[in-house]
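Q: Protein sequences, first through last, are from chains A and B. Residue numbers 64 to 539, in the working numbering, belong to the letters of the first sequence in order. Residue numbers 64 to 539, in the working numbering, belong to the letters of the second sequence in order.
No wet-lab data here; the hints were simulated from the structure. Quantities reported herein were computed from a predicted structural model and do not represent experimental measurements. We treat Cβ as the ideally placed atom computed from N, Cα and C, and that holds for glycine. There's no promise every hint is true.
Said to hold, decoys possible - Listed next, with one range per pair, are the computed distances between beta-carbon atoms:
#1 B:268 to A:224: 27 to 35 Å
#2 B:444 to A:224: 42 to 50 Å
#3 A:345 to B:65: 35 to 43 Å
Number of protein chains: 2
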Amino acid sequence: MTPEEFRTAGHELVDWIADRRLSVEQRPVRPDVEPGDIAARLAGDPPEGGEDAAAVLADLEQLVAPGITEVQHPMHFGWFPSNAALSSILGDIASSGLSSLGISWESSPSLTEVEEVVVDWLRSLTGLGSQWSGVIQDTASTACLVAMIAAREQATGHNQAGSGLLGFGRPLHVYTTEEAHSSVRKAALLAGFASDDIRLIDVDPHTRDMQPAHLAEQMAADAAAGGQPAVVVVSLGSTGVTAFDPLPAIADVAEPYNTWIHVDAAMAGSAMLLPECRHLFEGLERADSLSWNPHKWMGTILDTSLLYLQDPEHLIRVMSTNPSYLRSTSGGEATQYRDWGIPLGRRFRALKLWYHLRIDGPEQIRARLRRDLANASWFADQIADRPDWSVVAPVRLQTVCVRHTPPSLAGDEEAVSRHNLDWVRRLNKSGDAFLSPSTLDGNWIARVSVGVESTERAHLERLLELLDYYAGDLST
Amino acid sequence: MTPEEFRTAGHELVDWIADRRLSVEQRPVRPDVEPGDIAARLAGDPPEGGEDAAAVLADLEQLVAPGITEVQHPMHFGWFPSNAALSSILGDIASSGLSSLGISWESSPSLTEVEEVVVDWLRSLTGLGSQWSGVIQDTASTACLVAMIAAREQATGHNQAGSGLLGFGRPLHVYTTEEAHSSVRKAALLAGFASDDIRLIDVDPHTRDMQPAHLAEQMAADAAAGGQPAVVVVSLGSTGVTAFDPLPAIADVAEPYNTWIHVDAAMAGSAMLLPECRHLFEGLERADSLSWNPHKWMGTILDTSLLYLQDPEHLIRVMSTNPSYLRSTSGGEATQYRDWGIPLGRRFRALKLWYHLRIDGPEQIRARLRRDLANASWFADQIADRPDWSVVAPVRLQTVCVRHTPPSLAGDEEAVSRHNLDWVRRLNKSGDAFLSPSTLDGNWIARVSVGVESTERAHLERLLELLDYYAGDLST
Numbered sequence: 064m065t066p067e068e069f070r071t072a073g074h075e076l077v078d079w080i081a082d083r084r085l086s087v088e089q090r091p092v093r094p095d096v097e098p099g100d101i102a103a104r105l106a107g108d109p110p111e112g113g114e115d116a117a118a119v120l121a122d123l124e125q126l127v128a129p130g131i132t133e134v135q136h137p138m139h140f141g142w143f144p145s146n147a148a149l150s151s152i153l154g155d156i157a158s159s160g161l162s163s164l165g166i167s168w169e170s171s172p173s174l175t176e177v178e179e180v181v182v183d184w185l186r187s188l189t190g191l192g193s194q195w196s197g198v199i200q201d202t203a204s205t206a207c208l209v210a211m212i213a214a215r216e217q218a219t220g221h222n223q224a225g226s227g228l229l230g231f232g233r234p235l236h237v238y239t240t241e242e243a244h245s246s247v248r249k250a251a252l253l254a255g256f257a258s259d260d261i262r263l264i265d266v267d268p269h270t271r272d273m274q275p276a277h278l279a280e281q282m283a284a285d286a287a288a289g290g291q292p293a294v295v296v297v298s299l300g301s302t303g304v305t306a307f308d309p310l311p312a313i314a315d316v317a318e319p320y321n322t323w324i325h326v327d328a329a330m331a332g333s334a335m336l337l338p339e340c341r342h343l344f345e346g347l348e349r350a351d352s353l354s355w356n357p358h359k360w361m362g363t364i365l366d367t368s369l370l371y372l373q374d375p376e377h378l379i380r381v382m383s384t385n386p387s388y389l390r391s392t393s394g395g396e397a398t399q400y401r402d403w404g405i406p407l408g409r410r411f412r413a414l415k416l417w418y419h420l421r422i423d424g425p426e427q428i429r430a431r432l433r434r435d436l437a438n439a440s441w442f443a444d445q446i447a448d449r450p451d452w453s454v455v456a457p458v459r460l461q462t463v464c465v466r467h468t469p470p471s472l473a474g475d476e477e478a479v480s481r482h483n484l485d486w487v488r489r490l491n492k493s494g495d496a497f498l499s500p501s502t503l504d505g506n507w508i509a510r511v512s513v514g515v516e517s518t519e520r521a522h523l524e525r526l527l528e529l530l531d532y533y534a535g536d537l538s539t
Numbered sequence: 064m065t066p067e068e069f070r071t072a073g074h075e076l077v078d079w080i081a082d083r084r085l086s087v088e089q090r091p092v093r094p095d096v097e098p099g100d101i102a103a104r105l106a107g108d109p110p111e112g113g114e115d116a117a118a119v120l121a122d123l124e125q126l127v128a129p130g131i132t133e134v135q136h137p138m139h140f141g142w143f144p145s146n147a148a149l150s151s152i153l154g155d156i157a158s159s160g161l162s163s164l165g166i167s168w169e170s171s172p173s174l175t176e177v178e179e180v181v182v183d184w185l186r187s188l189t190g191l192g193s194q195w196s197g198v199i200q201d202t203a204s205t206a207c208l209v210a211m212i213a214a215r216e217q218a219t220g221h222n223q224a225g226s227g228l229l230g231f232g233r234p235l236h237v238y239t240t241e242e243a244h245s246s247v248r249k250a251a252l253l254a255g256f257a258s259d260d261i262r263l264i265d266v267d268p269h270t271r272d273m274q275p276a277h278l279a280e281q282m283a284a285d286a287a288a289g290g291q292p293a294v295v296v297v298s299l300g301s302t303g304v305t306a307f308d309p310l311p312a313i314a315d316v317a318e319p320y321n322t323w324i325h326v327d328a329a330m331a332g333s334a335m336l337l338p339e340c341r342h343l344f345e346g347l348e349r350a351d352s353l354s355w356n357p358h359k360w361m362g363t364i365l366d367t368s369l370l371y372l373q374d375p376e377h378l379i380r381v382m383s384t385n386p387s388y389l390r391s392t393s394g395g396e397a398t399q400y401r402d403w404g405i406p407l408g409r410r411f412r413a414l415k416l417w418y419h420l421r422i423d424g425p426e427q428i429r430a431r432l433r434r435d436l437a438n439a440s441w442f443a444d445q446i447a448d449r450p451d452w453s454v455v456a457p458v459r460l461q462t463v464c465v466r467h468t469p470p471s472l473a474g475d476e477e478a479v480s481r482h483n484l485d486w487v488r489r490l491n492k493s494g495d496a497f498l499s500p501s502t503l504d505g506n507w508i509a510r511v512s513v514g515v516e517s518t519e520r521a522h523l524e525r526l527l528e529l530l531d532y533y534a535g536d537l538s539t
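Same shape as in the complex, but just chain A (with noise of 0.2 Å):
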């Protein structure tokens, strides 16, 4: 493709983008396809010769795109909100045609630069102290496994230099909760860690949050035993029902050990923009590490998630690799991100976040983090004032927990239980809203994640139709 077919076919391109935005609210938020449908309809080989860049954007709007889920669709209420603001995507447009390298320093002195740049705005905008150094990863799950080497490391004394796992004779133990997101767990099984030696703390019954009591009893009785309290994952904001484990607690049972403490605020984390919010945080500066996902409620396009960390050098002595053909002619004094994470190479990520804080500017953001609490909190209040409907879990930011209980089942668990599984089924494969059933305590309930960034509260009013609709029709 020639430079001059590329500015065409871009041209349409960025149009059908726009005009795909602006339509966003005319189209389901979920596609109406089985396993299977979208492959079938692209069955064939690739063209040998090649062909028309618009043969290929028409079956992109007439195969692919009525193949996805629309998270930036205004109803959309499940998973959390995926935002990709339209200045995030300029600015991964711009990372795509830039087309540069990241393996080294000097393989893309801007790559590095802009994104010690721009992870500095963000520690600097969301109240971290200078001590945090930070690097972007694709996502909070990779950031969990990272840290959860790194403190395998603390903990073994760098025992993958020598012996090795294998070779370091006591238990190492995991602590966390079992609302704590499901990448925790694979995290540490990835990193060789036993499930043996996972320790699921008991939470609070209503708050989910870690009981640092059980947490002190628990690590006392494997440190008696032998073991090494090796790592706690603090959840701040669980995926779940917004659980925020109690830091400053858990830091003073976890320091006598030298137990590694990561924090995952992959989806809360957004609101530390917010200084009213930031009470929920407190005692960060007592973590190892921490993560949190700009791409989500922020608005950063995928795949933008931050690590920091307060000793980057432990970091680097773990990840590190240094062969003659990636050497570094320019002296040792420069960053090199491959230490810092798996993958040698690396995209030009921190433009999305550039972009994105220059054009829609901090003051914006935290406007919209706002009105989305507020529409979270008023949503609430509309839920539990409703007969027959309850909101199951503390409204901590944006996610509402629901249940509906038709006074018909009133008293059997189990078919409400299915009632709500299925009511939430049916609004879903109408397409008007999406919601992501959960369950809590065993039993199906209804998570309202709200923060879309099109999301207004006559979306809000729209969705309490819909579920007077649909949970309604079932129970009558």
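Given chain A, put chain B in place with the hints provided.
A: Chain B only, in chain A's frame:
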């Protein structure tokens, strides 16, 4: 940013990208900056109230873009070809514009199924059998880590689900060579293998290919000592000198131990698109996993690395999570790529391949690879014919390793080594061309990696003149 503002700014950005590609040859390959220069230019906070996209583009042009190494420049011969075909950039823009979320099949059915389609297109185009299933990873480093963890769990009988590595009584051995990519050792250590248990098998002194007789000896010794040969990483086309480890002979040795065979063909895998090169990849059907990077020589923009597996079900068991909020309501038959790797969330990376393969077409891609092979071969012949120059490793594909030995320094290995590092650095600093200095047997050489999309024969002719100038200049 509104859709209409995005439309205007997007058009300007597309023009900027097209213009940059047209003018790439007018810029130096390597920027003349020192660590910290770019960050200093960008000092200051993001503007609270936001700013115009035009101001950001102006800074991109004046402050950021001059600080990248131009890996799309036809005189870039460093590291490896990090091609970004404009058609694949278009696919990347489409992905950003769709802004869909890949956390499950349900969150974006098209994202999953287009990936299945393109990964299968490339399986077929590279002559791999239909028993292989693939997935896109960000890089070969990550793919290697994923394979290492899968191998670890095969070797321990899925011990992560129980007492983990610590509970496994016997050493787990990793086999590779010193010629393997640095990411291999890193992946082994991150996966929890011990440095003490990594075996660097002897290589042929001329080709740097693994010597299977030494592998047999080492595996037998390790097994006799109570160890478990867990994984062998086979380089097919190494980064340094394009070594091809003899896979069939390695498989003969490894299979009796049930050792996982991972093939790293990150750089050279593109050659599998050419039937006349497939003999280099003989024995692939005996490997357990294979990764190669369309984002290198083939030309799809970063980050597009492929990982193929013969038994994806094993990987899924190792990587799987299934929390309630991610449970699909669409039955169990859909592919859930989150269980094929580390991150939960994924971008719609398949569109880069879909656009690239459809618009350029396999025929054009193959023709370009053949052009590069012919150019590298021609260049090696020119070097071999030149007094004082030598080709110091076999030219298996498109990388030519060269050394200059000035008559005045002949016999003084250390001085010759210094001389070669010196002229490469001076050439790189000039911005006229870029080569990777590399070491072979402890001495500096220069690697000329041919294969940037825009590199034609005339650019190699120009490179010969530059070699004469920079190497000759110092030696006279």
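Q: Could you check the hint for me, namely that residue 444 of chain B and residue 224 of chain A are 42 to 50 Å apart, CB to CB?
A: 45 Å, holds
Q: Is the hinted range of 27 to 35 Å satisfied by the C-beta distance from residue 268 of chain B to residue 224 of chain A?
A: Check passed, 28 Å falls within 27 to 35 Å.
Q: Starting from the hint 35 to 43 Å, judge whether the C-beta atoms of residue 345 of chain A and residue 65 of chain B obey it.
A: 38 Å, holds
In summary, the structure agrees with every hint in the numbered list given earlier.
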